[in-house]
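Peer 1: This is what each chain is made of:
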Amino acid sequence: MGALGEAARMSMPFYVAPEQFMKDKADFARKNIARGRPLVATVYAEGILICAENQSKSLHKVSEIYDRIAFAGVGRYNEFDSLRRAGVQHADVKGYQFSREDVDARSLANLYAQYMGNVFTHEMKPLEVEILVAEVGTVPSGDQLFHILYDGSVVDEDRYSVLGGEAEAIAGRLESGFDADWDLPAAIRTAAGALAGPDRTPVAADLEVAVLVRSNGRRAFRRLIDEEVGAALPATVATDSGATDSGATDSAALDTDPAGTTEPDAG
Amino acid sequence: MSLPMFRPQDEPGPSFTGVLRRVGLDPFSAVAAAAGAVPFEVRHGTTIAAIRYVDGVVMVGDRRATAGSSIAHRHMEKVHPADRHSGVAIAGAAGPAMEMVRLFQLQLEHYEKVEGSPISLEGKANQLSQMVRSNLAMAMQGFVVVPLFAGFDVRRGVGRIYTYDPTGGRYEETDFHADGSGGRDARTTIKLGWRPDLSRADAIGLAVRALWQAADEDSATGGPDAVRGIYPTVATITADGFARAEEAEVAERFVTVIADEGAQR
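Heads up: the protein sequence lines correspond to chains A and B, in order. Each step along the first sequence adds one to the number in this note's numbering, with nothing skipped, and position 51 is 51. Count along the second sequence from 1, then add 1000; that gives the number in this note's numbering.
Please keep in mind that the hints were generated in silico from the structure rather than gathered at the bench. Every residue gets a Cβ at the ideal spot worked out from N, C-alpha and C, and that includes glycine. Treat the hints loosely; a few may be bogus.
[Said to hold, decoys possible] One side only, chain A facing chain B, incomplete, derived with CB under 7 angstroms:
id: 1; residue: LYS57
id: 2; residue: GLU64
id: 3; residue: VAL88
id: 4; residue: ASP92
id: 5; residue: LEU111
id: 6; residue: TYR115
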């Protein structure tokens, strides 16, 4: 009875075909994700490299979830960051209830997919994010990359993965230089070059780089500092003080607006 | 298991025990014992000690667990890394103590992952204090846990030691402390040998001597077991992090202690 009253008071909505409604939501999500800066993840000899364009030093796109699992996100910062926290909480609770060995990327990726698919179908606004769940195996064949889209679809990749806008162009550039057995500097160089494209030179200060290293002990995740990244990049424009300054200004500006209420992206 | 998505106002923050409570796994939900119930015999851990030296802190613990007057376990680990720059040693009821260590380790790592930076050393000490206090209901039923916490304060560049009482009271020690049934004997030995400029080798030597004296006086404290090759746990915590001393090095220290003891007779 209450619902009938509500409907009568509201103006009669136009009929929108379900196909159109879903398409509008997908277009909305895709458009806003493409406005953010992209990210690539690739396997290399010692594990998995994740390289993101991100000028902020404090608002991370790439993070540790568990011993051998990392998380990366592009799009709206507050949305992928709450997904990241949920992932850490889930993984830690699961490891506590069962064993550390029982925490795996596949089941976490499925949970993310279910949640994101549910939001896409049932909420007015879909999540404006794409995320990656990466797990480094004890042997190279065990490395896994799960790329999860805004509508909950999961892509399981075993070589590399590109998230965000211009994904196809970036994947093309990465593919041409790809080698599963390359060392870390070569992987960084190619990943950063693929992100930057032919017209720009990658600069360490604009990149957020982290690795899952097979031989790093229990916790495989490690962030690379600018010097390590800079050393791997072609030595045209090294990270001078000017570049560091601009990075600091950017992160300070972002700190005042961390949720990104207007801008969909952290970087 | 589902993905724990909390509404912003219900978000437990960086606390792992907070998350556990939200998902209905409160680790400290002790059931009150009926009036007049007698605590049953459980395994107990005994002597633990921490000594400050020039580079940081050395922590030691014997390996014996007792249940009443019998030896329940000969190679129990009582000194554990809490995270990269701190360690926790435990005395008291072994079951709740080991669970507390596990929760404490998870709490520190969970915070670090969620927040992106580790807790300060004092913050870690306070977290442990809250866990000991949460165990009060169990402590009142006889299952007391008394941890000893030590770490390297990377912000101040010094080693620091914190002791606890069963109510969660937290006290910072200046130079050294020992707890457990043989703690008093160990403390006396350390007090006589402690100097402000102890080297790593001297600090380990002193800690091992203290355990020897504790095992000499206290039946619940285990000494070095050369027959089975079981030696007390010795770990150092410095700017480089938590590191366990090799068993061979500990065994060698005991040879020195035994030689000195023999020479005095």
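Peer 1: Taking each numbered hint in turn, which are not upheld by the structure, reported in ascending numerical order?
Peer 2: Violated hint (a single one): 1; every other hint is consistent with the structure.
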